[in-house]
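Sequence order for the protein chains is G and Y.
Our numbering applies: residue 32 is where the first sequence begins, and numbers increase by one.
Our numbering applies: residue 3 is where the second sequence begins, and numbers increase by one.
For the record, the hints were derived by calculation from the structure and aren't laboratory data.
It is possible that some hints are incorrect.
[To be verified] With a Cα cut of at most 30 Å, we get these calculated BS3-like pairs of lysine-lysine: (1) Y:Lys72 - Y:Lys11; (2) Y:Lys72 - Y:Lys59; (3) Y:Lys11 - G:Lys85; (4) Y:Lys11 - Y:Lys85; (5) Y:Lys16 - Y:Lys85; (6) G:Lys136 - Y:Lys85; (7) G:Lys128 - Y:Lys73; (8) G:Lys85 - Y:Lys72; (9) G:Lys136 - Y:Lys72; (10) G:Lys85 - G:Lys133; (11) G:Lys133 - Y:Lys85; (12) G:Lys85 - Y:Lys16; (13) Y:Lys85 - Y:Lys59; (14) Y:Lys59 - Y:Lys11; (15) G:Lys136 - Y:Lys73; (16) G:Lys128 - Y:Lys59; (17) G:Lys85 - G:Lys128; (18) Y:Lys59 - Y:Lys16; (19) G:Lys136 - G:Lys85; (20) Y:Lys11 - Y:Lys73; (21) Y:Lys59 - G:Lys85; (22) Y:Lys73 - Y:Lys59.
[To be verified] Computed beta-carbon distance windows for the label pairs: (23) G:Ser59 - Y:Ser82: 18 to 26 Å; (24) G:Lys85 - Y:Glu17: 45 to 53 Å; (25) Y:Gln19 - G:Arg53: 25 to 33 Å; (26) Y:Leu29 - G:Asn69: 31 to 39 Å; (27) G:Ala48 - Y:Lys85: 39 to 47 Å; (28) G:Asp41 - Y:Lys16: 46 to 54 Å.
These numbers were taken from a predicted model, which means no experiment stands behind them.
Backbone N, C-alpha and C fix where the C-beta goes; we use that ideal spot for every residue, glycine too.
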Amino acid sequence: GIQVEQSPPDLILQEGANSTLRCNFSDSVNNLQWFHQNPWGQLINLFYIPSGTKQNGRLSATTVATERYSLLYISSSQTTDSGVYFCAVLSQGGSEKLVFGKGTKLTVNP
Amino acid sequence: DGGITQSPKYLFRKEGQNVTLSCEQNLNHDAMYWYRQDPGQGLRLIYYSQIVNDFQKGDIAEGYSVSREKKESFPLTVTSAQKNPTAFYLCASSGGQGDTQYFGPGTRLTVL
Numbered sequence: 032g033i034q035v036e037q038s039p040p041d042l043i044l045q046e047g048a049n050s051t052l053r054c055n056f057s058d059s060v061n062n063l064q065w066f067h068q069n070p071w072g073q074l075i076n077l078f079y080i081p082s083g084t085k086q087n088g089r090l091s092a093t094t095v096a097t098e099r100y101s102l103l104y105i106s107s108s109q110t111t112d113s114g115v116y117f118c119a120v121l122s123q124g125g126s127e128k129l130v131f132g133k134g135t136k137l138t139v140n141p
Numbered sequence: 003d004g005g006i007t008q009s010p011k012y013l014f015r016k017e018g019q020n021v022t023l024s025c026e027q028n029l030n031h032d033a034m035y036w037y038r039q040d041p042g043q044g045l046r047l048i049y050y051s052q053i054v055n056d057f058q059k060g061d062i063a064e065g066y067s068v069s070r071e072k073k074e075s076f077p078l079t080v081t082s083a084q085k086n087p088t089a090f091y092l093c094a095s096s097g098g099q100g101d102t103q104y105f106g107p108g109t110r111l112t113v114l
């Protein structure tokens, strides 16, 4: 099945810094989502982005489907950005299953 | 308010007991999903349902069972056959295959 790899596994920033999180996937995809899991476990949708670029406030994402990767940019990070960021993909191969990466744990210090 | 609710938030179970986790959505979504998350790991799919009265096994279905009698509800039963049930369980729903999935707040199950 499709493989999803996220990097880095851990990231520590000072408040105000920018960061880039990466998601590589091994096959063509119909669906790619970025999620933020807060310290209480809630998964929040950030982007639905199988291709192209989207922006929402301080966050933006770009997926280059032909090269099988997606990037999540966080600018001017805040302590509330802390948590785990997951990338999840749905393969074009006919599978109905969303496959998750292992996540990037982000800690933003004041 | 539209959304997905899961109950209870925390659940404790003795070994050998079955337990049922609730998931309800009022988003009018056709598809619903159950995932399991272990510490430091991503989510793994247990079961999913694309339509009422139909469901399919995910990657780790052994020791679990589900039903989908109503569009709004997709309860998950963790049976005594599940060897390592302590985990965080997340329910999700979507309008259909390939659509954005929305998640509930989760149930943290601990087997004593």
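Comparing the hints with the structure gives:
no., hint, in the structure
1, Y:Lys72 - Y:Lys11, "holds (22 Å)"
2, Y:Lys72 - Y:Lys59, "holds (18 Å)"
3, Y:Lys11 - G:Lys85, "violated (33 Å)"
4, Y:Lys11 - Y:Lys85, "holds (22 Å)"
5, Y:Lys16 - Y:Lys85, "holds (12 Å)"
6, G:Lys136 - Y:Lys85, "holds (28 Å)"
7, G:Lys128 - Y:Lys73, "holds (19 Å)"
8, G:Lys85 - Y:Lys72, "violated (35 Å)"
9, G:Lys136 - Y:Lys72, "violated (37 Å)"
10, G:Lys85 - G:Lys133, "holds (23 Å)"
11, G:Lys133 - Y:Lys85, "holds (23 Å)"
12, G:Lys85 - Y:Lys16, "violated (47 Å)"
13, Y:Lys85 - Y:Lys59, "holds (17 Å)"
14, Y:Lys59 - Y:Lys11, "holds (24 Å)"
15, G:Lys136 - Y:Lys73, "violated (35 Å)"
16, G:Lys128 - Y:Lys59, "holds (10 Å)"
17, G:Lys85 - G:Lys128, "holds (24 Å)"
18, Y:Lys59 - Y:Lys16, "holds (25 Å)"
19, G:Lys136 - G:Lys85, "holds (22 Å)"
20, Y:Lys11 - Y:Lys73, "holds (22 Å)"
21, Y:Lys59 - G:Lys85, "violated (33 Å)"
22, Y:Lys73 - Y:Lys59, "holds (18 Å)"
23, G:Ser59 - Y:Ser82: 18 to 26 Å, "violated (41 Å)"
24, G:Lys85 - Y:Glu17: 45 to 53 Å, "holds (46 Å)"
25, Y:Gln19 - G:Arg53: 25 to 33 Å, "violated (43 Å)"
26, Y:Leu29 - G:Asn69: 31 to 39 Å, "violated (20 Å)"
27, G:Ala48 - Y:Lys85: 39 to 47 Å, "holds (43 Å)"
28, G:Asp41 - Y:Lys16: 46 to 54 Å, "violated (36 Å)"
Going through the hint list in order, the structure does not satisfy hints 3, 8, 9, 12, 15, 21, 23, 25, 26 and 28.
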